[in-house]
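Chains as they are written, first to last, in the working numbering: chain A, 5 to 279; chain B, 5 to 279.
It should be emphasised that the hints constitute simulated quantities derived from the structure, not laboratory data. Model, not experiment: these values are computed from the prediction. Check each hint, because a few of them may be wrong.
A pair counts as met if it fits within one copy or between any two copies, since identical chains are not told apart.
[Claimed, not checked] In the DSS-like style, the derived pairs of lysine-lysine whose C-alpha atoms are separated by at most 30 Å in a straight line are:
hint : residue 1 : residue 2
1    : Lys31     : Lys132
2    : Lys276    : Lys264
3    : Lys31     : Lys142
4    : Lys132    : Lys224
5    : Lys168    : Lys180
6    : Lys264    : Lys53
7    : Lys180    : Lys169
8    : Lys15     : Lys224
9    : Lys15     : Lys142
10   : Lys113    : Lys168
11   : Lys169    : Lys31
12   : Lys224    : Lys12
13   : Lys15     : Lys264
14   : Lys81     : Lys263
15   : Lys169    : Lys264
16   : Lys263    : Lys31
2 protein chains.
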Amino acid sequence: MTQETLLKNIKAKQSYLCVGLDIDLEKVPEFIRNTEDPLFTFAKAIIDKTHSYAVAYKPNLAFFESYGVDGWRAFDKIMRYLNENYPEHFTIADAKRGDIGNTAARYAKAFFENYGVDAVTVAPYMGKDAVEPFLTFKDKYAILLSLTSNPGAFDFQFTEENGKKLFEKVLQTSLKWNGAAQLMYVVGATKASALTSIRQIIPDAFLLVPGVGAQGGSLKEVSEFGMNESCGLLVNSSRGIIYASHEENFADAAASEAKKIQQEMAGYLLKKGII
Amino acid sequence: MTQETLLKNIKAKQSYLCVGLDIDLEKVPEFIRNTEDPLFTFAKAIIDKTHSYAVAYKPNLAFFESYGVDGWRAFDKIMRYLNENYPEHFTIADAKRGDIGNTAARYAKAFFENYGVDAVTVAPYMGKDAVEPFLTFKDKYAILLSLTSNPGAFDFQFTEENGKKLFEKVLQTSLKWNGAAQLMYVVGATKASALTSIRQIIPDAFLLVPGVGAQGGSLKEVSEFGMNESCGLLVNSSRGIIYASHEENFADAAASEAKKIQQEMAGYLLKKGII
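Same shape as in the complex, but just chain A:
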């Protein structure tokens, strides 16, 4: 998907919501757990009810992997379902991969070609040759971890060299890589105060922002400090939406949560003059 198309969809839906598919079978309603393919059944129900309010879906690979071969089969089925029925949705494999050249190329091929995702989250620690292989696929994106939303973010991401923090160095350095126009960045909502300095380094790039909702980040702050003239934001919510209810009405409850967020987002898009 081109970034122009993504922006067009954001305008049409008046939303920059990404729904995170962190599917934990211990948390899905019991009647779903007893179906033949509970991961897919749950995801399909969530997608069918939330697609009007969201522009993106982000399956969290760890959850699928933890169910072994069945999990990977379900991930594949979910990706096919999305690409066939909702091709206007941007899809993100939240895999946080990071490995040397030939290995990175393998991961890129697997996610972009076998599963047809639009973007993969990628870890920066190993540097340029761990990321560039993801930037050679037309209209596909690597979403580079920069400043994450978890407590451990403070262990290394704020390491300071000549007045510059590591997460800022990651942003700056990455701009010189081949295919940098296909980079997006993970910036946690729990660190919204850093968004102003981040936008000085990467004014144009899309940011994937986790941590709104369950993790305590504020959608208002993220939108105020992070939005650019082309929106430039995909704000993710996982647990707050998909586990809004554990009863039979779970998909309607998810839709209602997604709609609430979408309506707040419409307000920020309007204020910025994007819609």
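Fit chain B to the given chain A structure using the hints.
Leaving out everything else, chain B in the frame of chain A:
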């Protein structure tokens, strides 16, 4: 596996060789490619012929993932084969995972419980809560990326704060984490000169050293600067062994390469007084 058992195996085999299973179907002999399960068939042949010279096997997950569900099924089958037939071998899932708490816990459970590996490689960028979930499984290990063997290592790993480089900060910080005794570290053979300062920070931990052979690292230097009184080294070779020949004799050629390395290793173990 306990570290005592690992050392016992190192002494018995007079080897600290880890064979990397980076299986690329384009590189395996044609008659293997045409079998029903070429990934497993190739791995089994390599394992059966090299096990006397190696103490560890390291399947590279990217290669398996790139073959989708079939790849995961083959990885599972290889792990079962290893655990049933060669339980004295230490097994490493080279997955370089790194994600927040609940997600990291998922990955740990998948690799240690579903697949029965002894260790998983883990990326440090997200900090403590991305690693600690791997350190709660008895006799299982997280192998933390510290200084990698690829060119991109220079992008961020040498970021310097108060005279300390990021890879050194990763080592030092990780020592304070819960379960730190179950940490091992990735240190690339191409940066062997750093091993002296690394050993000052982590004198006792096992190091997984990639980059010998195809990537140009020297086994002699790694052994000289990195070995401690309990060996403390697992040196990996992938392509140099498994693709030693592309003909029918590929497994014998692999054995012969592995044996060559094992014999050199025996010399270093002897010199250090370990055997």
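Structure-based check of all given hints:
Taking the closest pair of Cα atoms, Lys31 and Lys132 come within 30 Å of each other only across two copies (25 Å); inside a single copy the shortest separation is 38 Å, beyond that limit. In this assembly of identical chains, Lys276 and Lys264 lie within 30 Å of each other by CA distance solely inside one copy; the values are 19 Å within and 67 Å between copies. In this assembly of identical chains, the alpha carbons of Lys31 and Lys142 lie at most 30 Å apart only when taken from different copies (26 Å versus 37 Å within one copy). In this assembly of identical chains, Lys132 and Lys224 lie within 30 Å of each other by CA distance solely across copies; the values are 29 Å between and 33 Å within a copy.
For the identical chains of this complex, Lys168 and Lys180 are neighbours both inside a copy (17 Å) and across copies (25 Å), given an alpha-carbon limit of 30 Å. With identical chains, the CA atoms of Lys264 and Lys53 are at most 30 Å apart within one copy only, with a shortest distance of 13 Å there and 61 Å across copies. Within a single copy, Lys180 and Lys169 get their C-alpha atoms as close as 18 Å, and across copies as close as 22 Å, so both meet the 30 Å cut-off. Proximity of Lys15 and Lys224 under a CA criterion of 30 Å is satisfied intra-copy only: 18 Å inside one chain copy versus 61 Å between copies.
When the C-alpha separation of Lys15 and Lys142 is checked against a cutoff of 30 Å, the pair qualifies only within one copy, where the shortest distance is 23 Å, while the shortest distance between copies is 51 Å. In this assembly of identical chains, Lys113 and Lys168 lie within 30 Å of each other by CA distance neither inside one copy nor across copies; the values are 34 Å within and 37 Å between. For the identical chains of this complex, Lys169 and Lys31 are neighbours neither inside a copy (38 Å) nor across copies (42 Å), given an alpha-carbon limit of 30 Å. Proximity of Lys224 and Lys12 under a CA criterion of 30 Å is satisfied intra-copy only: 22 Å inside one chain copy versus 58 Å between copies.
Taking the shortest Cα distances, Lys15 and Lys264 sit within 30 Å of each other inside one copy (17 Å), while across copies they are farther apart (63 Å). Taking the shortest Cα distances, Lys81 and Lys263 sit within 30 Å of each other inside one copy (26 Å), while across copies they are farther apart (45 Å). In this assembly of identical chains, Lys169 and Lys264 lie within 30 Å of each other by CA distance neither inside one copy nor across copies; the values are 35 Å within and 46 Å between. For a Cα distance limit of 30 Å, the shortest separation of Lys263 from Lys31 inside one copy, 22 Å, qualifies, whereas the shortest one across copies, 50 Å, does not.
Hints 10, 11 and 15, counting from the list given before, are not met by this structure.
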